[in-house]
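Enquirer: All chains should be modelled from the sequences, with the hints used to inform the complete structure.
Residue numbers (the working numbering), protein chains in the order written: chain A, 1 to 252; chain B, 1 to 288; chain C, 1 to 332.
Possibly wrong hints are sitting among the right ones.
[What the hints assert, rightly or not] In the SDA-like style, the derived pairs of lysine to any residue whose C-alpha atoms are separated by at most 25 Å in a straight line are:
#1 246(C) with 136(A)
#2 257(B) with 67(B)
#3 246(C) with 184(A)
#4 181(B) with 107(B)
#5 145(C) with 29(B)
#6 23(C) with 129(B)
#7 257(B) with 177(C)
#8 246(C) with 234(A)
#9 120(B) with 24(C)
#10 120(B) with 28(C)
#11 155(A) with 181(C)
#12 23(C) with 60(A)
#13 246(C) with 220(C)
#14 257(B) with 279(C)
#15 145(C) with 29(A)
#16 74(A) with 231(C)
#17 181(C) with 251(B)
#18 120(B) with 315(C)
If you are wondering where the hints come from, they were derived from the structure by calculation, not from laboratory data.
Now for the letters of each chain:
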Amino acid sequence: MKAVDPILKVENLSLTTIDHKPLVNDVSLSVGSGESLGLVGESGSGKSLTLRSILGLLPSSIRQAGGKITANGKCAMVFQDPIGSLDPLSPIVSQLAEVVYYNQNVSRKAARTIAVDLLQMLGLPESLKHKDRYPRQLSGGQCQRVVIAMALARKPDILLCDEPTTALDVTVQKQILDTITNLQKELGFAMVFVTHNLAVASAMCGRLCVMKEGRIVEQGDTMQVVGHSKDPYTRMLIDAVLPLPSLERRAE
Amino acid sequence: MNHMEAALQPLHAGTKKNSFIRKALRTPTFLCGSIMMAILVFMAVFAPYLTPYDPSQLDLSAALQPPSSEHWLGTDQLGRDLFSRLIYAARTDLKVMVLAEIIPFILGVFIGMAAGYFGKWVNSLIMLTTDTFIAFPFYLIVIIIAFVSGTGEQGIYITFMLVGWIVYARVIRGLSSTFRKQEWIASAKMLGLSDVRIILKHLLPNVLPQAVIVLMTDMALLLVAIVTLGYLGIGIAPPTPDWGTMIFDGQPFITTKWWLSAMPGLAVVYTGIALSLIGDGLADIWRR
Amino acid sequence: MQTNKMLGSSAKQPAANIILPYKWLVLALLRAALVVICVIVAVFFLIRLVPGDPVKMILGEYASPEAIEKMRHQLGLDLSLWEQFTRFVTNFFTRGDTGSSIIFGTSSRDLIIDRAPVTLLLVVMASLIAIVFSLVLAAIAATHKDGLLDHLIRILPSISLGMPIFWVGLLLIIIFSVYLKWFPVGGTGEGWGMLYSLILPAITVALSQIPSLVRSLRAQILEVLEADFVVTLRAAGIPPRVILFKHVLRNSSIPALMLLGVNVAYMMGGTLVIEQVFDIRGIGSLLFTAISNRDFPVIQGIALYCAIAVVIISFLIEMISGYLDPRTKRER
Chain A
1 MKAVDPILKV ENLSLTTIDH KPLVNDVSLS VGSGESLGLV GESGSGKSLT LRSILGLLPS
61 SIRQAGGKIT ANGKCAMVFQ DPIGSLDPLS PIVSQLAEVV YYNQNVSRKA ARTIAVDLLQ
121 MLGLPESLKH KDRYPRQLSG GQCQRVVIAM ALARKPDILL CDEPTTALDV TVQKQILDTI
181 TNLQKELGFA MVFVTHNLAV ASAMCGRLCV MKEGRIVEQG DTMQVVGHSK DPYTRMLIDA
241 VLPLPSLERR AE
Chain B
1 MNHMEAALQP LHAGTKKNSF IRKALRTPTF LCGSIMMAIL VFMAVFAPYL TPYDPSQLDL
61 SAALQPPSSE HWLGTDQLGR DLFSRLIYAA RTDLKVMVLA EIIPFILGVF IGMAAGYFGK
121 WVNSLIMLTT DTFIAFPFYL IVIIIAFVSG TGEQGIYITF MLVGWIVYAR VIRGLSSTFR
181 KQEWIASAKM LGLSDVRIIL KHLLPNVLPQ AVIVLMTDMA LLLVAIVTLG YLGIGIAPPT
241 PDWGTMIFDG QPFITTKWWL SAMPGLAVVY TGIALSLIGD GLADIWRR
Chain C
1 MQTNKMLGSS AKQPAANIIL PYKWLVLALL RAALVVICVI VAVFFLIRLV PGDPVKMILG
61 EYASPEAIEK MRHQLGLDLS LWEQFTRFVT NFFTRGDTGS SIIFGTSSRD LIIDRAPVTL
121 LLVVMASLIA IVFSLVLAAI AATHKDGLLD HLIRILPSIS LGMPIFWVGL LLIIIFSVYL
181 KWFPVGGTGE GWGMLYSLIL PAITVALSQI PSLVRSLRAQ ILEVLEADFV VTLRAAGIPP
241 RVILFKHVLR NSSIPALMLL GVNVAYMMGG TLVIEQVFDI RGIGSLLFTA ISNRDFPVIQ
301 GIALYCAIAV VIISFLIEMI SGYLDPRTKR ER
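Expert: Quick look at the structure:
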């Protein structure tokens, strides 16, 4: 374990709606450089909102009521609905080139070349170099790769993933998850991975954070949380997962 | 409603009469609009008692006078008191507006329900008819029909009977179509509930609120059309006072006595705002 | 109806729209053609709906029997209904004519073509003004949501509901022509002067459409602003101004175009009335002359041309929108 300043620190974050209904309550977490933190919880637990507030991109009906977020590096985000995350009227290479242009100090022409390379690195066909395509002409998995490319174009130190595979077919899910893992190994960014699927989170992340109804109920190393969880809700989530042979389950 | 229908229907929030009034009283838009409208209607109904002069009383020696204590809004080119004429015109125009709206409303709602509920060829036929009418610019068709069927009040009624139902039909058609797709309807039909009964007892109360909201805006548009026809000389005939003809009468004097044309227009705008507020208010009330 | 069966089976396609891309185009074309046919039939029966004898209406009660016969023949009323209809349709499709004007003697087509450019120019100017102002106002309202500007802009439709278009025109004349003397009081003008004379009338017509356009556009822009892809773009570090102008407005323009298409019919009607207010020598004044003289061929011609113009414009706009953004392709 490195005793270095965390690259991302969230302290006592609270979010409410405009009529002061609490959605996220006193959430604190931290991520070190290169680490992966899984944020697990059911729908409505506030995990997506937490992520969005890290970027400062809350929807207009949500307010930050308290807490402090410190990010010591650039953040980028990958969203849940791949096709909806892209401008339907912009061809994907142009869109990616635009992101590259505004994030890296290069000319528009160079940006386009970088964009095509980035897309190829993520496994998209080479035909794109010659004929640009619109989001609706791609599959869900392909769109998600474009979104990841857009995030990477920012050269982020922290990658925030909001259920990036939930909207995809199961086989495609694995591909995307593998892609993300490989990219992380290669580029070394830290990651916060939000999902409702405890199994996926445990596979992807070294540390876990379980959220329920806007609060963190348990936090710690993945092995610790999954193997010897202290919170009943966490145990409920674990029980809902098919048994993994390497873990002991405490049957209650 | 027999027990079978009651059992099949999803739960409605009961809209009883007194809860409507209570909600209405808490909706500012509705209150504002209703009060404005009430004032207008009051003045129109009690016109004979409120106006100092007879609107058709000519007094050529006192023509084109500016507003004064004797004539609150001045006089027109024939010496008639503008204020009195304005209020009597309210009587005429409001009356025509309401009467002309009745048949189109009923026609439109029923045609719309038929189109949306029965779908298929009934829908296609009705859509074709509405699309055909809509292709003609509104004022073009209104002017032509009004003239062709005889100008004056009668022409207005005929025109809107032919054209006015379309707006309702389109809106109600959409609502009816969604209504039709509900699952309990299919069950009800299988159990022998007749189409007519479903339409009259269930669909109609469902679409009526929306229809009434459309009614408010449509009445405002109808009033504008009546006034426009009056201005063009093919609407309500003089000497019956009408805001449209009053605007036309005042046009030659626009540079000096601009209020002759401006005031009747403002009256129309006022009515439009009142109706719009009522419509918005109703939408707020029924949304909750 | 056969058309409807075909229409009903055009289900939503998933991401790849490569199969039969022109199916929707053909269907839309068929639909438009059907409406045009109905329009022609409607216009044909227009004079026949008039209570009373059209000939007597034109010539008056005391016309001589010979004059009546002559007019009957001239109008073709002595033929059978079916023959009249075929004659009407062939005339229209071969010469674009609905008969000779009773007053002027020339073909109605020539009369209309003579007056049409002015009216068309007016409609085009009004449309441009309407779309530009609506987009601007809607963008302001959306970006200042719930602020003072937003509330002011949102009140517009309610206030303008009861504003007769000709009254607004008169007000504008009072302010801008009489008081400020910026524009001529009326008239059509010559050459470039015509453009100038038409500015005030065009603004008046545009004003009648702007409130409802703004209301719809504002809702559309707000919807787009909250869309996922906008959040992605913001997260990707693209400057807000670029997002607004390049991405948001572009996505909102398609519905704007469609709305405008719907409003074209209203605008044409508005121009007809406005031509009377501003004393413009366009189709409107032709219509009124024809009406007061019961010049039925001309009235029919105007009605027919206007309606067909509306159908064509609506069709074109549907095509353009469908091409730019396939999600708008209509389903029935």
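Enquirer: Determine which of the earlier numbered hints do not hold for this structure and return their numbers in increasing order.
Expert: Of the numbered hints, 3, 8, 11, 12 and 15 do not hold.
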